[in-house]
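Chains as they are written, first to last, in our numbering: chain E, 1 to 119; chain R, 1 to 589.
Note that these hints are calculated values from the structure, not bench results. On a predicted model such as this, the values are computed, not experimentally measured, just so you know. All C-beta atoms in this analysis are idealised placements derived from N, C-alpha and C, irrespective of residue type, glycine included. Hints may contain errors.
What the hints assert, rightly or not - The calculated label-pair distances, taken between Cβ atoms and stated as ranges, are:
#1 R:E311 x E:R78: 54 to 62 Å
#2 E:H58 x R:G133: 41 to 49 Å
#3 E:D80 x R:R156: 23 to 31 Å
#4 R:R83 x E:L72: 30 to 38 Å
#5 E:R45 x R:A152: 22 to 30 Å
#6 E:R45 x R:R91: 41 to 49 Å
#7 R:A152 x E:N73: 25 to 33 Å
#8 E:N73 x R:R186: 42 to 50 Å
#9 R:G133 x E:R45: 28 to 36 Å
#10 R:K96 x E:D80: 23 to 31 Å
#11 R:R219 x E:P94: 23 to 31 Å
Said to hold, decoys possible - Covered stretches of chain R (chain E as the covering partner; in silico rule of three or more C-beta atoms under 8 Å from a C-beta of chain E):
#12 145-157
#13 351-357
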Amino acid sequence: MTNGKAKRPRRGRSRSASGAAAARRARSDVWRLRLYVAEGSPRSRTALANLQRLCEEHLQGRYLIEVVDLRLNPRLARGDEIVAIPTLVRRLPPPIRKIVGDLSNVDRTLVGLQLRVES
Amino acid sequence: MSRRQARPVAGSIAKARTGIEGLDEVTGGGLPQGRPTLVSGAAGCGKTLLALQFLVSGATRFGEPGVFMAFEETGRELTDNARSLGFDLARLERRKRLLIDHVRVERSEIDETGEYDLGGLFVRLGHAIDTLGAKRVVLDTIESLFSGFSNASILRAELRRLFRWLKDRGVTTVITGERGEGQLTRQGLEEYVSDCVILLDHRVDEQRSTRRLRIVKYRGTTHGTNEYPFLIDEDGISVMPITTLRLEHKVYRSRISTGVEALDGMLSGGYYRGTSVLLSGTAGTGKTSLASQFAASACGRGERCLFFAFEESAAQLQRNMRSIGIDFAPFVAKGLLRFQARRATMHGLEMHLATMLKAVREFEPQVVVVDPISIMLAAGDAREATLLAARLVDSLKSKGITSLYTSLTSVNGNEAQSDVGISSLADSWLLLRELEANGERNRGLYVLKSRGMPHSNQVREFLLTSRGIRLRDIYVGPEGVLAGSSRLTQEARERARALAARQEIESHARQLKRKRHSLDAQLEALRTEFALEEDELRRRIEDARVREGLHARDQAAMARRRGDGSALLRRADVRPSRGKASTRAGATA
Numbered sequence: 001m002t003n004g005k006a007k008r009p010r011r012g013r014s015r016s017a018s019g020a021a022a023a024r025r026a027r028s029d030v031w032r033l034r035l036y037v038a039e040g041s042p043r044s045r046t047a048l049a050n051l052q053r054l055c056e057e058h059l060q061g062r063y064l065i066e067v068v069d070l071r072l073n074p075r076l077a078r079g080d081e082i083v084a085i086p087t088l089v090r091r092l093p094p095p096i097r098k099i100v101g102d103l104s105n106v107d108r109t110l111v112g113l114q115l116r117v118e119s
Numbered sequence: 001m002s003r004r005q006a007r008p009v010a011g012s013i014a015k016a017r018t019g020i021e022g023l024d025e026v027t028g029g030g031l032p033q034g035r036p037t038l039v040s041g042a043a044g045c046g047k048t049l050l051a052l053q054f055l056v057s058g059a060t061r062f063g064e065p066g067v068f069m070a071f072e073e074t075g076r077e078l079t080d081n082a083r084s085l086g087f088d089l090a091r092l093e094r095r096k097r098l099l100i101d102h103v104r105v106e107r108s109e110i111d112e113t114g115e116y117d118l119g120g121l122f123v124r125l126g127h128a129i130d131t132l133g134a135k136r137v138v139l140d141t142i143e144s145l146f147s148g149f150s151n152a153s154i155l156r157a158e159l160r161r162l163f164r165w166l167k168d169r170g171v172t173t174v175i176t177g178e179r180g181e182g183q184l185t186r187q188g189l190e191e192y193v194s195d196c197v198i199l200l201d202h203r204v205d206e207q208r209s210t211r212r213l214r215i216v217k218y219r220g221t222t223h224g225t226n227e228y229p230f231l232i233d234e235d236g237i238s239v240m241p242i243t244t245l246r247l248e249h250k251v252y253r254s255r256i257s258t259g260v261e262a263l264d265g266m267l268s269g270g271y272y273r274g275t276s277v278l279l280s281g282t283a284g285t286g287k288t289s290l291a292s293q294f295a296a297s298a299c300g301r302g303e304r305c306l307f308f309a310f311e312e313s314a315a316q317l318q319r320n321m322r323s324i325g326i327d328f329a330p331f332v333a334k335g336l337l338r339f340q341a342r343r344a345t346m347h348g349l350e351m352h353l354a355t356m357l358k359a360v361r362e363f364e365p366q367v368v369v370v371d372p373i374s375i376m377l378a379a380g381d382a383r384e385a386t387l388l389a390a391r392l393v394d395s396l397k398s399k400g401i402t403s404l405y406t407s408l409t410s411v412n413g414n415e416a417q418s419d420v421g422i423s424s425l426a427d428s429w430l431l432l433r434e435l436e437a438n439g440e441r442n443r444g445l446y447v448l449k450s451r452g453m454p455h456s457n458q459v460r461e462f463l464l465t466s467r468g469i470r471l472r473d474i475y476v477g478p479e480g481v482l483a484g485s486s487r488l489t490q491e492a493r494e495r496a497r498a499l500a501a502r503q504e505i506e507s508h509a510r511q512l513k514r515k516r517h518s519l520d521a522q523l524e525a526l527r528t529e530f531a532l533e534e535d536e537l538r539r540r541i542e543d544a545r546v547r548e549g550l551h552a553r554d555q556a557a558m559a560r561r562r563g564d565g566s567a568l569l570r571r572a573d574v575r576p577s578r579g580k581a582s583t584r585a586g587a588t589a
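Using the sequences plus the hints, can you model the full thing?
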């Protein structure tokens, strides 16, 4: 579950296309993000779109997004203590950060991901 | 208590039994089945425990698995805490009867941006319910979410949706909430949970704590509206459904001995079974002793007796009672007698009532002694104490238990005004009082009232001897009643008088006997004399007769000699008797 693709894997079992290269980067500066959504929820779609746009802008080439649909995998909600949907979890780099909501406020999202220091 | 009450009444809403002692009674059968119930209260008043017990009894006794969603404690903490109350949560989890899901919401880890909902919570809960086939759910304390998320309006909407969702799923839910300012919960959850609201309270008055439970609302059910005391002990929560106060006790005609034969006599056979007896008196008048005698006599008949001692420890009481010949040890050993000795100031009144009723429920005695009930005053105000006494008395009466209460009255006070106001609750009321005269103090006993039976109006002297309690008649003299040494003097005097009379009678009897003896002797002498004289006279009569016979013969012989002499002579010569005749003739001559 630690690996995922930058595109839209349903769940993070599928390995990245770049294989070994990605794995190497994962050890250094790759951001691992997991987005918990519920299939069919408009908010979830908005959140994923917002997240992808933001990553392309700020973390190009060094991020992995894993999308978890809790409707299909309710078991996974316990692991990351998911209560709200959508929830974005920054698993790497540490510490773990959580951002709930549809990520429509880019500034707040960047602050939440600690990509920008709050001014 | 009565199972009839616990069963849901036909036509009313379905109930899920909590398995919590007393709560099912107060709620008329349990919590509303398939609906949410809000349990609110300040921190540390037992909300979590109540919820947990609801789940555990559902899982173990009613075949309803449950999900515990903990927002405050972790699963491990919860399991540890529950173990101290005898719940093995880990085992229930292994057997898939219970699932604990700890929802940790860390404010510092979470940022919010844009719209969201609590879909994750729904998913988790739904999954847990489906996994177990759960029928019961606890959300403890869901309001914690308000400290984890900042958008309160979203949370409110989502909680409203959650409760509706739970209702749709048909699970019986307990939602705990912390008491807030001016409302039942901090976030006003009562607005969303409208089916049943239970309020827990933990008050401390004058350093004594009392837990109370009140049903604020229960849609579709009549319920008790009182504040019910409850206690938390090693068996979990038990609520005291403090009597319906309906006065519908079963009535017994049979009597139960007071333990003192003479007192049974004064009451025409003893107390009625299943009634309440008040024994009041000033200090040192023998209340505890009389109560102990009653207890011992019940145990002697093989009945179980529960003795609540608020002044002495069980050991001290046993030692002291041995001095008047009451040995409790064999009864204790046989399990017929149980002491519960507590300082009255240890708990608040409700707590006392709660522990007492719990003990009664466990021990199932036929006889209960409370020594003394007046000390309850020390644990609360008079009005409350009266209420407590009423609850206790009614509760015991409804179980058909004969109860005896001692009550200490102040020396100056009016005895008829028993402090606790228990007097009207008592069916029989005995008064022990001091009789002070001639420089000594004695004990007197009389029956002030005894409902439904003829009883003596006499004051009796009440003696504590090494062989038990004795009642004696009291002498009423010109200076009042006589007791103690005055009575002894009087008794001695009476004894002397009786002795004198007896001696007189005996003396007369002896005299009579003597006279009869002498008469008999005289009669005997006369009779002897007479017999002698009679003999003499008879002899003389005989002699006279003999003489008369001889004379006649002589004359006949003479006549023959003169007329036919030869023939007679011849015949006389042949007969050998001739000599005799001649001798007689000679004597006569």
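**Prompt:** Honestly, do E:R45 and R:A152 meet the 22 to 30 Å range at C-beta?
**Reply:** holds, 26 Å
**Satisfaction of the hinted span 25 to 33 Å by the C-beta atoms belonging to R:A152 and E:N73** = At 30 Å between Cβs, range holds.
**Message:** Quick check: does the Cβ-Cβ distance between E:N73 and R:R186 fall within 42 to 50 Å?
**Reply:** At roughly 34 Å between Cβ atoms, R:R186 and E:N73 fall outside 42 to 50 Å, so the hint is violated.
**Message:** Taking the Cβ atom of R:G133 and the Cβ atom of E:R45, is their distance within the range 28 to 36 Å?
**Reply:** holds, 34 Å
**Asked** Count the residues of the region 351-357 of chain R with a beta-carbon closer than 8 Å to any beta-carbon of chain E: does the count reach three?
**Response** violated (count 0)
**Distance restraint hint 23 to 31 Å, applied to the beta-carbon atoms of R:K96 and E:D80** = holds, 24 Å
**Asked** Do the Cβ positions of R:E311 and E:R78 conform to the proposed distance bound of 54 to 62 Å?
**Response** holds, 57 Å
**Asked** Okay, R:R219 versus E:P94 on CB: inside 23 to 31 Å?
**Response** At roughly 50 Å between Cβ atoms, E:P94 and R:R219 fall outside 23 to 31 Å, so the hint is violated.
**Asked** Regarding R:R83 and E:L72, is the given constraint of 30 to 38 Å on their beta-carbon distance met?
**Response** holds, 37 Å
**Asked** So does E:D80 sit 23 to 31 Å from R:R156, Cβ to Cβ?
**Response** holds, 25 Å
**Message:** At least three residues with a C-beta closer than 8 Å to a C-beta of chain E: is that true for the region 145-157 of chain R?
**Reply:** holds (count 3)
**Message:** Against the range 41 to 49 Å, how does the distance between the Cβ atoms of E:R45 and R:R91 compare: consistent or not?
**Reply:** holds, 44 Å
Comparing the model with each numbered hint stated earlier shows that hints 8, 11 and 13 do not hold.
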